[in-house]
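Asker: Got chain F sorted already, so can you dock chain R onto it with the hints?
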Amino acid sequence: MIGLKGCLNVIDNSGALLVECVNVLKQKVNNGWGSVGDEIVCVVKQARPISEATQASATAVKVRRGDVRRAVIVRTKKPVRRPDGRFVRFDDNAAVLLNNKREMLGTRIGGVVSADLRMKGWTKIVSLAPKVV
Amino acid sequence: MNSRLFKLVTRLASSKAGSVEYPFSKNALLPVPLAVPSDRADALRKGRGLMYFLQQNLPEPKKRQWLQTLFSRQHPQRLLPGSVLTVTLEHAPGVFSGVLMSVRRRGPDTSFVLRNVVQRTGVEMQFFVNSPHLKDIRVIQRAGGGPGKEGRRQRRAKLFFLRDSPSKMTAISAGLRG
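Sequences listed follow chains F and R, in order. Residue numbers are given in the numbering used here: position 33 of the first sequence equals residue 33, and the series is strictly consecutive. Residue numbers are given in the numbering used here: position 147 of the second sequence equals residue 147, and the series is strictly consecutive.
FYI, nobody ran anything at the bench for these hints, they're computed from the structure. Computed from a predicted structure; not experimentally measured. Treat the hints with caution; some may be incorrect.
Far from chain F, by Cβ distances over 10 Å, these chain R residues were calculated [said to hold, decoys possible]:
(1) S25
(2) D39
(3) T170
Restricting the straight-line Cα-Cα distance to at most 25 Å, the calculated cross-link-like pairs of lysine-lysine (PhoX-like) are [what the hints assert, rightly or not]:
(4) F:K131 <-> R:K135
(5) F:K26 <-> F:K5
(6) R:K168 <-> F:K77
(7) F:K78 <-> R:K168
(8) F:K5 <-> F:K101
(9) R:K168 <-> R:K158
(10) F:K77 <-> F:K131
(11) F:K78 <-> F:K5
(12) F:K101 <-> F:K28
(13) F:K78 <-> F:K28
(14) R:K168 <-> F:K131
(15) F:K120 <-> F:K101
(16) R:K158 <-> F:K78
(17) F:K77 <-> F:K124
(18) F:K62 <-> F:K124
(19) R:K158 <-> F:K77
(20) F:K5 <-> F:K45
(21) F:K28 <-> F:K120
Don't be surprised by glycine CBs; every beta carbon is placed ideally from N, CA and C.
Isolated chain R, as found in the complex:
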């Protein structure tokens, strides 16, 4: 009787997320559920104020700050298309830099596309801001910063024309090195 009680206690004490809450897999990772304040719970369950609550609480604090400054529509420090960024990732390739071609603003689902020319081949990567694999964003050159032609603000929100004109890509990178 004592040994059975001991086994039960140790099993409950050492239970991982998979064994008790999710009975179908021992290795399943369950995300931490959002902390909902009790006075808002009823209204949220009916759907009132749900999207605003998700925008404020779903991303982590650092990512929420990025979404409010770098990827907002009117903030003075927002990223303009044509800026050069370096992104640090958890998986391959680790570090990717490129010209910001487009920002797709969807609240927590915001993403941006960077374009770079690696070994004479153009590569574009789309990164999602709230992904836990995205570790850091560093701005190397802001569009509209420097003088002359290279620093001029881009007149488009999505720079897909860079795919067809390698000369404009070299112009942006020349302004970077100079």
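So here's chain F without its partners, still in its complex pose:
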């Protein structure tokens, strides 16, 4: 249940570390809740320092503190129900950054992701993840 002001860890290598949710895109209102597999609009609160190589190149993605980006939620602390009645609960909230066309910004994912992403259509993220639970 990620809503306005919810903080998530970023588990890809785009450069951001912590993002704060601003809007959940599946709802038409501002006060909705997002779960695993939902797209959100978020503000980057903490980011890794950008190396000189990335600063010099024009095509590399530069994620800085204060950027407004989109992301998809991959882990939640709130238990998510599977169709057979199982519940899965992680110890933190995590997201993967996206661009406006629902493509990933980073190239690698470092951490567990939830298998509910496959049901919502994020097969690229599921295939890149080192472990899917």
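Answerer: Coordinates of chain R only, in the frame set by chain F:
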């Protein structure tokens, strides 16, 4: 006339569960109804002995055996919280192992929660014993088995404090490997 009869017979012979009994969908899966003995039918319809009948007949034989031994309250071989189990599932992730944190005993609705640390992230999964997706439960280490601190019986029924203390999780897993 003969062809119409033939078509009727073949249609009835090849009817799946969805076409005749459930007219709204061809792909609906209808579960097999419970076999009720005729002498108990009247009493059960009035509600007498209903819960006991459901507890004995609703789960499959293997699951019923699990409920009576592994998940009962007094059986000598019951699972104590703090045991390490491996669960085989039909869907993702396939195999999940973890420390048994809690058993929620509700008869046919019994469930248990396993906690594990996967890639530095804690993951908890709640499994329902009667789910057809749950294929197998294997006990790797029983709580209260070994000597010393690791094998000591847990003094709580629900081990939710493991969420805040990773050191206790490593203590249980260290006893496992050692």
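Asker: For every hint, state whether the structure bears it out.
Answerer: A quick look at each hint next to the structure:
no., hint, in the structure
1, S25, "holds, 17 Å"
2, D39, "holds, 34 Å"
3, T170, "holds, 15 Å"
4, F:K131 <-> R:K135, "holds, 21 Å"
5, F:K26 <-> F:K5, "holds, 17 Å"
6, R:K168 <-> F:K77, "holds, 21 Å"
7, F:K78 <-> R:K168, "holds, 23 Å"
8, F:K5 <-> F:K101, "holds, 24 Å"
9, R:K168 <-> R:K158, "holds, 14 Å"
10, F:K77 <-> F:K131, "holds, 17 Å"
11, F:K78 <-> F:K5, "holds, 16 Å"
12, F:K101 <-> F:K28, "holds, 19 Å"
13, F:K78 <-> F:K28, "holds, 22 Å"
14, R:K168 <-> F:K131, "holds, 24 Å"
15, F:K120 <-> F:K101, "holds, 16 Å"
16, R:K158 <-> F:K78, "holds, 19 Å"
17, F:K77 <-> F:K124, "holds, 23 Å"
18, F:K62 <-> F:K124, "holds, 22 Å"
19, R:K158 <-> F:K77, "holds, 19 Å"
20, F:K5 <-> F:K45, "holds, 11 Å"
21, F:K28 <-> F:K120, "holds, 19 Å"
Every hint, counting from the list given before, is met by this structure.
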